[in-house]
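Following the hints, position chains B, C, D and E against chain A.
Chains as they are written, first to last, in this note's numbering: chain A, 1061 to 1415; chain B, 1061 to 1415; chain C, 1061 to 1415; chain D, 1061 to 1415; chain E, 1061 to 1415.
Derived from the structure by calculation, the hints contain no laboratory data.
There could be a bad hint or two in this list.
Pairs involving identical chains hold if they fit within one copy or between any two copies, as the list cannot separate such chains.
To be verified - Here are the simulated lysine to aspartate or glutamate pairs, EDC-like style, with alpha carbons at most 16 Å apart:
1) K1161 / E1294
2) K1310 / D1144
3) K1412 / E1266
4) K1277 / E1334
5) K1211 / D1242
6) K1115 / D1096
7) K1411 / E1266
8) K1310 / E1164
9) K1350 / E1309
None of these values were measured; they are calculated from a predicted model.
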Amino acid sequence: MTETLNTPSEKAGLPPGSLVHIGDELHTSSKMSLLDYNQGNIEEKEIYDIQEALKHKGSETVTWLTIEGLADVSIVEAIGAAFDIHQLVLEDILNTHQRAKFEEHDDYLFIVLKYLESDTEPFELNYEQISLLVMENFVIVFKEKQDELFKPISQRIKNSKGRFRTLGSDYLAYTILDTIVDQYFTLIDCLDDAINNLEEELLDYEPTEAMLHTIHKLKREIIHIRRHIAPLRELMSGMLRCDSELIHEKTYIYLKDVMDHVMRIIESVESHREILSGLLEIYMTSVSNKMNEVMKVLTVFASIFIPLTFMAGVYGMNFEYMPELKWKWAYPTIWGTFIIVPAVLVTYFKKKNWL
Amino acid sequence: MTETLNTPSEKAGLPPGSLVHIGDELHTSSKMSLLDYNQGNIEEKEIYDIQEALKHKGSETVTWLTIEGLADVSIVEAIGAAFDIHQLVLEDILNTHQRAKFEEHDDYLFIVLKYLESDTEPFELNYEQISLLVMENFVIVFKEKQDELFKPISQRIKNSKGRFRTLGSDYLAYTILDTIVDQYFTLIDCLDDAINNLEEELLDYEPTEAMLHTIHKLKREIIHIRRHIAPLRELMSGMLRCDSELIHEKTYIYLKDVMDHVMRIIESVESHREILSGLLEIYMTSVSNKMNEVMKVLTVFASIFIPLTFMAGVYGMNFEYMPELKWKWAYPTIWGTFIIVPAVLVTYFKKKNWL
Amino acid sequence: MTETLNTPSEKAGLPPGSLVHIGDELHTSSKMSLLDYNQGNIEEKEIYDIQEALKHKGSETVTWLTIEGLADVSIVEAIGAAFDIHQLVLEDILNTHQRAKFEEHDDYLFIVLKYLESDTEPFELNYEQISLLVMENFVIVFKEKQDELFKPISQRIKNSKGRFRTLGSDYLAYTILDTIVDQYFTLIDCLDDAINNLEEELLDYEPTEAMLHTIHKLKREIIHIRRHIAPLRELMSGMLRCDSELIHEKTYIYLKDVMDHVMRIIESVESHREILSGLLEIYMTSVSNKMNEVMKVLTVFASIFIPLTFMAGVYGMNFEYMPELKWKWAYPTIWGTFIIVPAVLVTYFKKKNWL
Amino acid sequence: MTETLNTPSEKAGLPPGSLVHIGDELHTSSKMSLLDYNQGNIEEKEIYDIQEALKHKGSETVTWLTIEGLADVSIVEAIGAAFDIHQLVLEDILNTHQRAKFEEHDDYLFIVLKYLESDTEPFELNYEQISLLVMENFVIVFKEKQDELFKPISQRIKNSKGRFRTLGSDYLAYTILDTIVDQYFTLIDCLDDAINNLEEELLDYEPTEAMLHTIHKLKREIIHIRRHIAPLRELMSGMLRCDSELIHEKTYIYLKDVMDHVMRIIESVESHREILSGLLEIYMTSVSNKMNEVMKVLTVFASIFIPLTFMAGVYGMNFEYMPELKWKWAYPTIWGTFIIVPAVLVTYFKKKNWL
Amino acid sequence: MTETLNTPSEKAGLPPGSLVHIGDELHTSSKMSLLDYNQGNIEEKEIYDIQEALKHKGSETVTWLTIEGLADVSIVEAIGAAFDIHQLVLEDILNTHQRAKFEEHDDYLFIVLKYLESDTEPFELNYEQISLLVMENFVIVFKEKQDELFKPISQRIKNSKGRFRTLGSDYLAYTILDTIVDQYFTLIDCLDDAINNLEEELLDYEPTEAMLHTIHKLKREIIHIRRHIAPLRELMSGMLRCDSELIHEKTYIYLKDVMDHVMRIIESVESHREILSGLLEIYMTSVSNKMNEVMKVLTVFASIFIPLTFMAGVYGMNFEYMPELKWKWAYPTIWGTFIIVPAVLVTYFKKKNWL
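Next comes chain A alone, as it looks inside the complex (with noise of 0.2 Å):
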């Protein structure tokens, strides 16, 4: 699925404030999944009813709920109802085309992102957007799609003896955001590999329109990735800067590190994206160059060949008076002048690295 630039006017003429899921309807119902916890106990479930999620409200445990499709509207009005959201947050959760932002609330703080993935071959962009509510003892992500992405935490929640369980929501957060910047390090090397094949393909072999066409497709899909992924140096360093309560000391050091990623990433798409200019010029330069090697293919024909027909054309005149017609030794001689010019020109050609 390719997402094309448009920025959806779906809901342009609707009055702010309505609470409307705007995107690809991926799926007809919301999953649901529960995970509570705290250093002895973990529970994992699934769960049908957003109330029972609620119920977990105030607990000292920590509570990650994660909601995977947003087509059920209900259960978004529910949490917001619930934990006082902001109706324009709800809104953004819902709306599935936002910029990467971070806000500080009063209460919570909302977290929005877009996580990203690719094949190799061909380099096909898949964007997912995960919200993130970040409470106390509470952590809620919204996500478009059902998948396994944050699958390894809460193995490793599970598989935590002691430290994760005691570090707040906040950990939890970072985790999450920490696996999501690491996934994009997997698509940077997806598009490494992309680019490094098309200019292995530009460098040994002519230039193709097929190659014209995947160094462009490519070209877009650094410009998506890029406006995707430039608003989150933005988005770290409005966390590194919060000093909201919800935030502990310790867990800065691990915004720091997310921070740094983000910035190599960032700096790798772009570097990415001066290569693949660089292809681009490449590949017009091969053609240049290969149009100077079929003219001179043909310079070399035309200006051997014609020289020549003007000769033979000379002796296929029909004047009465052509002494040379009936000398005996005529025709090896022109036979012979046929070989010498093409002959002297070839050589001279060769001199001047036309051959």
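Here is chains B, C, D and E on its own, set in the frame of chain A:
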């Protein structure tokens, strides 16, 4: 109506402070409509004398006055006098070539920006300058044209049972801004469609002059759009920074939402600009590729027939002593040559990738 | 008079602090005119001795002294001595290759900027450096040329019944700045016309060398304009930031208006620069397209007639045993071939889009 | 070993906080060497058990521990435990795809950067990540490879009679940084040589595919170099801003000197990038020039011989009534024409600058 | 002497703090000249022992010591010892590949920058590094070469009756800076001339390889100039910000004047760079235009004569039954065709704008 880039100098030479409408004379008269509401009551009417509207000044109800058409300068003068608006602000309202900006004055806020819209096929920008004067319980909107742009807002106010009507003039101003900015998404969608159509054509068909002109036209339009949209970031951050009593604490989060939209639009326009540059490169490279192809055909034709013609020419010579001429199998033999030489050449060219 | 980019080094080597007029010697003498006004009285006269003007120093009336032509260094020296102007400021007034700037001194403000104008066809820049010394109740304007540029201002002062004449020297300075900046809009209009003309030609006609030269010329002019206009932003923001007693509180809103105009001009120049770059791309692509077209003609001609010539050549051979030569219908048959082969080729080329 | 741009995702999926060496497995074992010195004594030895080094912790002498090869994760773990280094820092040391950065922790400073080197012919980058832990009287250096890079420093310490040995661990860290940064100058020299060679070739010889590939390769390498060097500015300014007690007042001027070098290197790389872009333009233009030359030859050959061939063809026609054929001087006359026509054309072409 | 971009690594490997002259060994010995002055007295002499100069240390008179040629390291060492100059500053003086910078130390200011000059035809840069040590009543200037660059300053001091000689070492330092910066204007003039010459050639004549090389050469030189000049902005703003007691209040306005000049030079260089880019575009487009023209000639020649040759070939066929051959008016008729066909084609081509 495609705007040229001209920043009309019609007024150059006039003393500052002279109220003259500068812009296209779209309507000879101005249409005024008024919406007055509080939680309990609502009154909507079209008015013909500006004094009628000014009576609402100082009342507890929120009054929304819309003036469509700027030809009647006396209306602006009357408003200026009634609300003690600075002369330069009045001039800015009348001069429809303003840069989008936000100004904080003692008793009122002044906002001016461009509303942009377009059809997809062909992509053709329409401009309208919209100015807002936001005062305590009074919002005046100046529009160049008469259209239904703000109809949904008045509808919403009328339908609202409570919330909207309890919020002040700042929320109304936000709603108006939000409506205009939301329309930009529609514009970007049109732009996106136009670019996608162009891209498809470009990748599927031969490059034509018409495509080049379309690229050029879209490029110009994007330059225009960017010029009108870029100052919106400044406008919104100005509003967010200002600490006027006219904007209530609760409204800031809504303005921040508009700011987010503006950022998304700006980045989207930037991405489209880059994609369009990419399309021009594709076009130019396609032209080169096309020429290569034509050259190949020429080269192949010429390279095959020129030697053959030479050979035919040789046996058209009139020398007396040309033994081959009398040889019985000469003619079939030369025909054989006529077949073998091209066959060899074609094979060679195929191997060299020229066919 | 097209300015070259040269930043004359005529003075390189002179000690700093030597008053010498650097620039084109446009007039051998300087013309001085004086306008002295307060609410009640107004006096306008041409003066021939600088001392006459200096008598107004310290009076309650606002005195506006305009000096047109900088050849007479003694005038500048006398002013410098009378108002205690720093030596470097005097040098800057005389050196007409200044970068636009604003300087706040203890007792006076110094503003220097370029006035630019042009005709449309051909677009040809004219430069004039204008310096302002703004003091308490005294404004001195230094111009390089004698023209009517500020005529409308003096007219306005004379016509003004009250307001203008009650405002101080800072408002006069603002009016002068505003007049100069307003003229930039005229300049941009000329530029706009020139570019539009060029664009029309480019899209409607074949590319010519003349168009290329026009593009190049406009590009150079825009580089010059940008160089002169860009520092104005700094100049104006310097004025807005400065808290000199010479600028009254009420004047700032006017200066802010000029700042808005400057921003619009800068953005407009930038847009024109981009459009011009686009035109160069159009030009280059048109040249390629044109070549493609020429190549197609050549290819078609050559590809059709070269095989035919070969065939004719075949039956021009003089072999004794060529059975076709004796066949009665041979000649009509070959004519048939002469018609069918091109027909087939033309059809094929048409299908391949080469005709 | 040319690095690809890939930012390995090998660790994506692993929980944060797992110590794994990420990078090329260059050596199976790690080599540790230790230099312990104060003003009076100096001791240098290779050690095989990390505990031996840790005994020096807390002593008054400055201890410099170098670990070459990162395969043995237990060493890093032991150091982390002994000096209470944060888990994330240990991870950064082991992951050799770090962005250069400086981190100030309570009891130690962490610096990580890339050492780059290359040979001139062909220009081929080698990378090595070097991490520094700077503590009170203790500096630990982690290197990927075993080489003699820091030999001169240990030599200098051994030879130093007093000064160096009296300075603390911060001066040692500075010396190490300075050594790495100085090596960049060598790298830039290699790059400079490679570019100069290329430039010479490009200006003196015909453009070849090999040159294009060299340009492309150097461009890629510069993109890599820039990516690794650009963050150094931030690193150094971070060090200069930090007010850790670990950096003595006197050391700042030395760090500022390194900062100056870093600035020079960054600007130099930038200049080389621009020059390389210039070379690509030269290349592309040379290709066009070359094609022009080939086209001229073809044009001249074709234009001269095609009319002649036509003339010969005319007198090869078999009409019965062709009076010229019988004319005695016809043959010499046509030969005259065969000589005069090309002479005229050649003269004309020469005048038109086509030969 | 064209400088390459190399940032010599000759010293890489040397310990920091070793005084070695790095740069071209321009002179085997250093020439020292001394100017000592106060309001009443002035003394100028060439000295041969550095100790002679150092005697002036601490005196009330302003002492200006110029050292031309850096080969004699002992002089720098002696100065360093006498004035307690930091080791790194001494190194910077001797290493002639410094980035322009300003350093404020406790008892002295250190300024290092490049002096650039060139001839116009051909444009060829000459570099010289100039370092200044500004102390209370003492200025030491280090130059690489022996020339008359500062002659006008000493002349001015000698001629000055009062003012200059009453001002301190900071004014002397300003004068020296001003002299160097003023020479940049001369350089820019040379550059301007070189570019104008090139432009004229480019617009008036056919593009040649030599022009391409000139463009490339100027581009390189501008890259160099920019690299040397850009840090001057930082240098000057550093001086303007610093609040050392060594710079008197009154001197700041002079430094600000130098800053203005530096800004003008930087912008001028930038403009020239853009103009040069424009020239390259002109060049490339001219090459394309040229090729178009050549192609047209070829096309016209080939398109006219190829059909004629075919027709001649037709009547050169040897079929027995070709009725036209016997027709009496056949030969004149075909000649008529030979004239009409090209006439028609030429008319057609003219209409199509190909001739």
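Hint-by-hint comparison with the structure:
{"no.": "1", "hint": "K1161 / E1294", "result": "within (7 Å within a copy, 19 Å between copies)"}
{"no.": "2", "hint": "K1310 / D1144", "result": "between (28 Å within a copy, 15 Å between copies)"}
{"no.": "3", "hint": "K1412 / E1266", "result": "between (24 Å within a copy, 10 Å between copies)"}
{"no.": "4", "hint": "K1277 / E1334", "result": "both (15 Å within a copy, 13 Å between copies)"}
{"no.": "5", "hint": "K1211 / D1242", "result": "within (14 Å within a copy, 38 Å between copies)"}
{"no.": "6", "hint": "K1115 / D1096", "result": "within (11 Å within a copy, 45 Å between copies)"}
{"no.": "7", "hint": "K1411 / E1266", "result": "between (26 Å within a copy, 12 Å between copies)"}
{"no.": "8", "hint": "K1310 / E1164", "result": "between (19 Å within a copy, 15 Å between copies)"}
{"no.": "9", "hint": "K1350 / E1309", "result": "neither (62 Å within a copy, 63 Å between copies)"}
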